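Participant: Listed here are the chains, written in short residue letters.
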Amino acid sequence: MIINIVAVLTALRKLLGVEMTLAEWIGTAVLAAIPYLVIGMLWTLTHIDHLNGLGRVDQVASLVVSVISWPVLLFSDVCVA
Amino acid sequence: MTGTRISVTRQTARWDPEAEVSVKEAMDFWSFAAAAANVVMQLASPGVGYGVVESKVDAGSILKHPWKRLRTTSQYLAVAVFGSEEDRAAFRAAVDGAHRQVISTPESPVKYNAFDRELQMWVAACLFVGLEDTYKLLRGEMTPEQAEQFYRSSWTLGTTLQVTADQWPATRAGFDAYWDDACSRVVIDEPVREYLSDLINLRMINPVLGLPFRPLLKFLTIGFLAPVFRDALGVRWSSGKQRLFEWLFLLVAFVNRFLPVFIRQGGSHIVLADVRRRVRANSSLI
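Quick note, the sequences are listed as chains A and B, same order.
First residue of the first sequence: 1, per my numbering; consecutive thereafter.
First residue of the second sequence: 1, per my numbering; consecutive thereafter.
It should be emphasised that the hints constitute simulated quantities derived from the structure, not laboratory data.
Some hints could be false.
Said to hold, decoys possible - Derived DSBU-like pairs (lysine-lysine); straight-line CA-CA distance at most 35 angstroms:
#	chain 1	residue 1	chain 2	residue 2
1	B	K24	B	K68
2	B	K218	A	K14
3	B	K111	B	K218
4	B	K68	B	K111
5	A	K14	B	K111
6	B	K218	B	K24
To be verified - Facing chain A, according to a computed beta carbon distance under 7 angstroms, are these residues of chain B, among others:
#	residue
7	R257
8	F258
9	L259
10	P260
Remember, it's a predicted structure, so these values are computed and weren't measured experimentally.
From the three backbone atoms N, C-alpha and C, an ideal C-beta is built for every residue, glycine too.
Excised from the complex, chain A in its bound form:
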């Protein structure tokens, strides 16, 4: 298959030239955050053993941090309480 480099570049320039409003950026960020947070919640729900013995406030804080920072927690055993 022959790729027409000029056409690809034209399409790329057009794509990079798209302007978005601030509202659209916010919406895009929210949409991108949904799968991230869903994974974070699933990961947290399967890794809650360490919560036993913590106070109520610490438990909530620990859950929130765990949902947000699940990629870090995948590779390291940081204690987020």
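Based on the hints, put chain B in the right spot on chain A.
Facilitator: Quick look at chain B alone, frame taken from chain A:
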């Protein structure tokens, strides 16, 4: 003549009052909420109504091949609004092939021919009205200058087929006069009413899929019909439903502002890419 357009008392404020506008911005996917209402409006002209109901082109029938018809109609809009001259020429050739078979017989209640430029102008006018209504609900009222720009950018809705540029009234005010006059000839006879009833009640798709959407589609369809079409179709509307309709679109308009263009209009670009692929592969467009 009054009652030829929907009237809305609560609608979103404009966020960009000075901006240049174009019919392209009306192609956000929510606009397809008005699709069935647009079919009703188009078929309310007897020449179009009987032409569609009596059509022998089963491959293009929305009742026989609803999903295919959804694709081809959305592709027509994408080509007319976003397409190049070449895209439009290719699509015109394909539609002409089907339209050639749509001509009245001696038994037909009215005389019609799918190449009739007046009938095509009516259909294009309905498409414009549908897009203008949805655009205003999603983006807010336009200034007179913006309304002219928007109107002028919509002409390809008709000129993609046999409508000529000089058939479109030159100004937006001229269009209102054309529309009011054309609406005075709106009639929905029994065969056309039955056809439209099947469509609005989604009798052409699997009931498991269709039944849950039936109340919503009915609500949206009647909501997007101006009084003259509601009367012709014999459906009722209330001030309570109108209130709900307006609140619904205030919410939709707010959400829509936060959606990036590739979500709002991505569908149209995907079906346009499919048109170009079909043209390259020499496979049938419609």
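Participant: If a hint holds in the structure, say so; if it does not, say that too.
Facilitator: Hint check:
Distance check on the hinted pair: K24 (chain B) and K68 (chain B) sit about 23 angstroms apart at the alpha-carbon level, within 35 angstroms; holds. In summary, the hint linking K218 (chain B) to K14 (chain A) is not supported, as the alpha carbons are separated by about 40 angstroms, beyond the 35 angstroms threshold. Under the criterion of a C-alpha separation no larger than 35 angstroms, the hint pairing K111 (chain B) with K218 (chain B) is consistent with the structure, at around 31 angstroms. Of the supplied pair hints, the one linking K68 (chain B) and K111 (chain B) holds, its CA atoms being roughly 28 angstroms apart against a limit of 35 angstroms.
Restraint check for K14 (chain A) and K111 (chain B): the C-alpha separation of about 48 angstroms exceeds 35 angstroms, so the hint is violated. Taken as a hint, the K218 (chain B) and K24 (chain B) pair is honoured in the structure, with Cα atoms around 26 angstroms apart against an allowance of 35 angstroms. The restraint placing R257 (chain B) at the interface with chain A holds, with a minimum CB-CB distance near 5 angstroms, inside the 7 angstroms limit. Against a cut-off of 7 angstroms between C-beta atoms, the interface hint on F258 (chain B) holds, since the closest Cβ of chain A lies about 3 angstroms away.
A hinted interface residue such as L259 (chain B) counts as satisfied when its beta carbon comes closer than 7 angstroms to some beta carbon of chain A; here the least separation is about 5 angstroms, so the hint holds. Among the interface hints, the one on P260 (chain B) holds; its C-beta lies about 5 angstroms from the nearest C-beta in chain A, closer than the 7 angstroms criterion.
Checked against the numbered hints above, the structure breaks hints 2 and 5 and satisfies the rest.
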